[in-house]
Amino acid sequence: MKATRSGGLLALYALLLLSAPAAAHHGTASFDTGKDLTLKGTVTEWIWANPHCFLKFDAMDDTGTVRNWAVEVSNPTDMTKRGWARSSFKIGDAVTVSLQPVKNGAPIGRLRSVVLPDGSTLTAMGPPPAAAQ
Amino acid sequence: MKTWCACLLVMTASAAAGAQEWNRAGLPDSAINAPKSNAAPAPKRDISGVWDAGGAGIAGPGHESAPWTDWAKEKAASYKPGNGPRAVYEADINDPLSTVCDPAGFPRLVMYETRPFQVVQTPNQILILYMFEKRWRVIWTDGRALPKDPDPRWYGYSVGRWIDDYTFVVNTVGTDDRTWLDNSGNPHSNDLNVEERYHRVNHDVMELSVTIDDPKAFTRPWTPRNKMPLTLAPANFDMMEMICSPTEVIEFRKNISDRTNNR
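So the sequence lines, in the order shown, correspond to chains A and B. The opening residue of the first sequence carries number 1 in my numbering; numbering runs sequentially from there. The opening residue of the second sequence carries number 1 in my numbering; numbering runs sequentially from there.
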């Protein structure tokens, strides 16, 4: 019981520490924060830069149309803490991306998590996985 | 409970052992920001080292300020911030820091993106080297007075003094009113006076308070940072670069920001 409570407090502490960086550069006004999209795609570009890193990938939507998506995460400093790196993606990688799209329907969004070709997952929101801690 | 603690210790120890020596801003928060109840007493008149406020230092949403004067309302009417109650769509933000890489300036550097910073003490100055923007400030400790009618500077003019063995107080004037105070678009005038108070609680913890006194812009002084705790990072902590590069910002706008509007 005590351990569970401590674990909860630790998780809350981690969340407090890490929730701020996600909104550091801009707020969420542009994004449909209630919407979740999961797309299978192929990486076309991975930009490791300020103010935000972003991943570009081709993915087919429900209508059979392939669009090139650009989805942002936080900056290299924050992403390093979560286990991300300049070398996290290669062009041509098959990935499954969970994202929050923008409201205007463009293929733009904020990345929640991504499954890499080796089956491992990188997350961009919420508490980081234990491995990155 | 014991088993759980042991597991956590093993995880923490292995993460620390495996951590790279360079770019240690990637050091896990658990390694530097965990509360330290057994910290040794603070050394006297010494705040040197790398200090980190963790997520609290970033203050992305901005700060709730004292009421604006009419002058401030007029000045900030054209500000389109990315956060706070007046937040606009990403495509419409005109924050000079994030859109064209103008300097954050002072005091924004201690009100927003206050990432790890290193304090260096010399006989007549305290230097603060900031990871964010990779900038530095000089705080004179040689007893000089603040300038009377200074030309504005992005980072102002600062003098500091020890008011006791564990508290260093900095006063700054001569800032540049082109800078915003924070991410929510709080404005300021060139008449701004800022007081920073660095109080070392023990060896590992220091508190930072920042008071804004700008009668031209605010109806009363206010304290956006009130005893914000900073933790001393390990001696081998290597700060990452965190620089606003216009080339990178243009690329980001082209790919993301400019395509997020609702028109």
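It is worth saying that the hints were derived from the structure and are not from the lab. Mixed in with the good hints, there may be bad ones.
Said to hold, decoys possible - Below, in silico cross-link-like pairs of lysine-lysine (DSS-like), each with a Cα-Cα straight-line distance of 25 Å or less:
1) Lys80/B to Lys216/B
2) Lys81/A to Lys134/B
3) Lys254/B to Lys80/B
4) Lys35/A to Lys103/A
5) Lys103/A to Lys227/B
6) Lys40/A to Lys254/B
7) Lys40/A to Lys90/A
8) Lys73/B to Lys103/A
9) Lys254/B to Lys90/A
10) Lys103/A to Lys40/A
11) Lys254/B to Lys35/A
12) Lys75/B to Lys227/B
13) Lys81/A to Lys103/A
14) Lys90/A to Lys56/A
15) Lys56/A to Lys75/B
16) Lys103/A to Lys90/A
17) Lys227/B to Lys73/B
18) Lys103/A to Lys56/A
19) Lys148/B to Lys216/B
20) Lys227/B to Lys44/B
21) Lys56/A to Lys81/A
What the hints assert, rightly or not - Coverage of chain B stretches by chain A, computed from C-beta distances (three or more under 8 Å per stretch; other residues unrestricted):
22) 84-95
23) 249-255
Since the model is a prediction, treat every value here as computed from it, not as a measurement. The C-beta atom is built at its ideal place from N, Cα and C for all residues, glycine as well.
Run the structure past the numbered hints and jot down the numbers of the failing ones, going up. 5, 8, 12, 13, 15, 16, 17
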